[in-house]
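Build out the structure end to end from the sequences listed, making use of the hints.
Just so you know, the protein sequences line up as chains A and B, in that order. Counting along the first sequence from 1, when you hit position 5 you're at 6 in this note's numbering, and nothing is skipped either side. Counting along the second sequence from 1, when you hit position 234 you're at 239 in this note's numbering, and nothing is skipped either side.
Simulated from the structure, these hints should not be mistaken for lab results. Keep in mind that this is a model prediction, so the values were computed, not measured. Heads up, a few of these hints could be off.
Said to hold, decoys possible - Here chain B is said to cover these stretches of chain A; the calculated rule only asks that three of the stretch's residues, wherever they fall, bring their Cβ under 8 Å from a Cβ of chain B:
#: 1; stretch: 118-129
#: 2; stretch: 261-275
What the hints assert, rightly or not - Far from chain B, some chain A residues (derived; all Cβ distances over 12 Å):
#: 3; residue: E61
#: 4; residue: F65
#: 5; residue: F73
#: 6; residue: I80
#: 7; residue: L84
#: 8; residue: A85
#: 9; residue: A173
#: 10; residue: G231
The beta carbon of each residue, even a glycine, is placed where N, CA and C say it ideally should be.
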Amino acid sequence: MRSKGFLFKVRKYRVLLLMLTPAVLYTLIFSYLPMAGIVLAFKNYNYADGIFRSPWSGFENFRFFFSSGQAFKVTRNTILYNLAFMLVNTVLQLAVAIFLSEIRGRRFKKITQSVMFLPYFISWVIVSVIAFNFLSHDYGIINSFLQSIGQNKIDFYGTPKYWVGILIFFNAWKAVGYGSVIYLSAIMGIDTEMYESAEIDGANIFQRILYITIPSLTPTIIILLLLAVGQIFRGNFDMFYQLVGTNGILFDTTDVIDTFTFRALIRSNDVGMAAASGLYQSVFCFITIVTTNYLVKRVDKDYSLF
Amino acid sequence: MAMKKKKRRTDILIFNITGYIVTGLVALLCLVPFVMILSASFSEEKLILKEGFSLLPRNFSLEAYRTVFEKPEIIGRAYLVTTVITIIGTILGLTLTSMTGYVLQRKDFEWRNRFSFFFYFTTLFSGGIVPYYILMVRYLRLKDSYLALILPLLFNVFNLIVMKNYMNGIPVAFTEAAIIDGCGDFSIYYRIILPLSKPVLATIGLFITLAYWNDWYNSMLYINDDSKYTLQYFLYMRINNIEAYKKIIAQSGGMAGSFIELPTQTLRMALTVVVTGPIIFAYPFAQKYFVKGITIGAIKG
Numbered sequence: 002m003r004s005k006g007f008l009f010k011v012r013k014y015r016v017l018l019l020m021l022t023p024a025v026l027y028t029l030i031f032s033y034l035p036m037a038g039i040v041l042a043f044k045n046y047n048y049a050d051g052i053f054r055s056p057w058s059g060f061e062n063f064r065f066f067f068s069s070g071q072a073f074k075v076t077r078n079t080i081l082y083n084l085a086f087m088l089v090n091t092v093l094q095l096a097v098a099i100f101l102s103e104i105r106g107r108r109f110k111k112i113t114q115s116v117m118f119l120p121y122f123i124s125w126v127i128v129s130v131i132a133f134n135f136l137s138h139d140y141g142i143i144n145s146f147l148q149s150i151g152q153n154k155i156d157f158y159g160t161p162k163y164w165v166g167i168l169i170f171f172n173a174w175k176a177v178g179y180g181s182v183i184y185l186s187a188i189m190g191i192d193t194e195m196y197e198s199a200e201i202d203g204a205n206i207f208q209r210i211l212y213i214t215i216p217s218l219t220p221t222i223i224i225l226l227l228l229a230v231g232q233i234f235r236g237n238f239d240m241f242y243q244l245v246g247t248n249g250i251l252f253d254t255t256d257v258i259d260t261f262t263f264r265a266l267i268r269s270n271d272v273g274m275a276a277a278s279g280l281y282q283s284v285f286c287f288i289t290i291v292t293t294n295y296l297v298k299r300v301d302k303d304y305s306l307f
Numbered sequence: 006m007a008m009k010k011k012k013r014r015t016d017i018l019i020f021n022i023t024g025y026i027v028t029g030l031v032a033l034l035c036l037v038p039f040v041m042i043l044s045a046s047f048s049e050e051k052l053i054l055k056e057g058f059s060l061l062p063r064n065f066s067l068e069a070y071r072t073v074f075e076k077p078e079i080i081g082r083a084y085l086v087t088t089v090i091t092i093i094g095t096i097l098g099l100t101l102t103s104m105t106g107y108v109l110q111r112k113d114f115e116w117r118n119r120f121s122f123f124f125y126f127t128t129l130f131s132g133g134i135v136p137y138y139i140l141m142v143r144y145l146r147l148k149d150s151y152l153a154l155i156l157p158l159l160f161n162v163f164n165l166i167v168m169k170n171y172m173n174g175i176p177v178a179f180t181e182a183a184i185i186d187g188c189g190d191f192s193i194y195y196r197i198i199l200p201l202s203k204p205v206l207a208t209i210g211l212f213i214t215l216a217y218w219n220d221w222y223n224s225m226l227y228i229n230d231d232s233k234y235t236l237q238y239f240l241y242m243r244i245n246n247i248e249a250y251k252k253i254i255a256q257s258g259g260m261a262g263s264f265i266e267l268p269t270q271t272l273r274m275a276l277t278v279v280v281t282g283p284i285i286f287a288y289p290f291a292q293k294y295f296v297k298g299i300t301i302g303a304i305k306g
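Structure (structure tokens):
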């Protein structure tokens, strides 16, 4: 009976199902199949035997990953960078959005907004050229300036401590245009009547922003922050790899889980440990995303993923 | 009353001045690096070596560009690869995303929630880069295949969600009327939903285009043959190995191995300019759709 109903529905939906097939196959092959590959974290992989016939190694890969001290370092870096990005990006984008919404000059507004959007469109390869332009020891504009005022040059590419600031800067630089648009559109959605009555009550512009704009934006801010928290175990590989690359001197302050996994896989060909750190990351990502999604749902159901 | 009015004017004035300064500075910071690269690319190599990069071009020179265009087919090849892959990827990706989004928003499709979860689940948990890489290289044998540049960026759930949410906003009455008229499921998609979804198609299309255009990661993972490098990876490889690039140019450009005389720093910058060029010209047009897309995503995310 049930199977008859099932077949009937398959027939009824045959066109819709056919239209879904490419995406379903794609997702099966490129998302679900690799999930089965997480067994690699417990294996001693060799190319000839492939994923499933390579011998088991128990928790050997994990032991190696954790005992080398790398696990702690890359986890710490990943989380701290993401927290710093959240803080700096939110404050900067919010400030820019509020200023843009209050500024009178239409042309100025349009031009600055366009210019700020420019970094979003370029690849991280080009950002790395820009970074080199600023930071290069021999030709960088910062060192040229330092030299011209009689100061010593700074060896940016050889000094780990500067990179926290550098990475936060370029991350903010690339995201400011995109992010401020989100807040700006949320500000545009605020009921103008509120501002009008505040005006009548004699509120000044600072009070207006503090008591109307920011409270109205709070749900948006919370949701964007929660979504970012969900990704806290994920490092932006593009950025870290392009700006830092394989410059091992800087790894202490710049290595994140993603870059570590990549190097273990491609450079040192240690598939087992790469798989172990990858699985470690996936599990924590899963936990944080499910948790934050639950919280997002409580703030505003429309924004939750499922 | 007069007092109050005056007070209000000063606070707005202060706020506006701060606003102009802050946004102006941020915008300037976003622009200056591009000016610097452009300046450096038009400068004389000798001066850069002596005094470093500067904001404005010094001793205007075209030697870097002459070097790049000494053998334009090298960079032309990367341009061609990226252009073709971007076009194919965008068309296929847009078709896949819109078709799937359409089925998932059909309210009379009983299994839509189950299928939605099937797709959404992949954003929660992933096998990670290692199994993915082995799948691509060992099992699908895509090393040095153009497919390795197209497939990874073809379809993603974020775009699917934006697409589906937009289509959700199209009144069901359109679909219902079409069903009554005897319109098939595919025709409803093709003739009714797609034309009504032009804004979101433009937005998602641009998201996909940008992802392909700026991709260097898949080239790095899967491509060894340098005639198949995408533009961004080409730039990355050449900049980090500029001497090899100079050698190729010198050998084929009839400069009889005098590659040492070719510029290095300004050549890097000229290459970057040539790679960035199209984006700078295209983005003001694209920006409008991005803003729209972000707004769609932000409202119904």
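(request) Would you check chain B against the stretch 118-129 of chain A, counting CB to CB pairs closer than 8 Å, and say if three or more residues qualify? (result) holds (count 11)
(request) Classify the label on A173(A) as holds or violated, using whether its beta-carbon is more than 12 Å from each beta-carbon of chain B. (result) Label violated. Min Cβ-Cβ 9 Å, cutoff 12 Å.
(request) Please settle this one: L84(A) was flagged as non-interface, so is its CB more than 12 Å from every CB on chain B? (result) holds (21 Å)
(message) According to the definition I'm using, a residue is off the interface if its beta carbon is farther than 12 Å from all beta carbons of the partner; does E61(A) meet that for chain B?
(response) It holds; E61(A) is separated from chain B by about 16 Å at its closest Cβ, greater than 12 Å.
(request) Check the non-interface label on F65(A): least C-beta distance to chain B beyond 12 Å or not. (result) holds (15 Å)
(message) Is the claim that A85(A) lies outside the interface with chain B correct, judged by CB distances over 12 Å?
(response) Non-interface label on A85(A) holds, nearest chain B Cβ at 18 Å vs cutoff 12 Å.
(request) Examine each Cβ of chain B, and state whether all of them lie more than 12 Å from the Cβ of I80(A). (result) Correct as stated: the minimum Cβ-Cβ distance to chain B is 18 Å, above 12 Å.
(request) Check, residue by residue, whether the stretch 261-275 of chain A contains three or more positions whose beta-carbon lies closer than 8 Å to a beta-carbon of chain B, and give the verdict. (result) Per the Cβ count (6), the hint holds.
(message) Checking a non-interface call: every C-beta of chain B should be farther than 12 Å from the C-beta of G231(A). Is that right?
(response) violated (9 Å)
(message) Minimum C-beta separation from F73(A) to chain B exceeding 12 Å: can you confirm that?
(response) holds (19 Å)
Hints 9 and 10, counting from the list given before, are not met by this structure.
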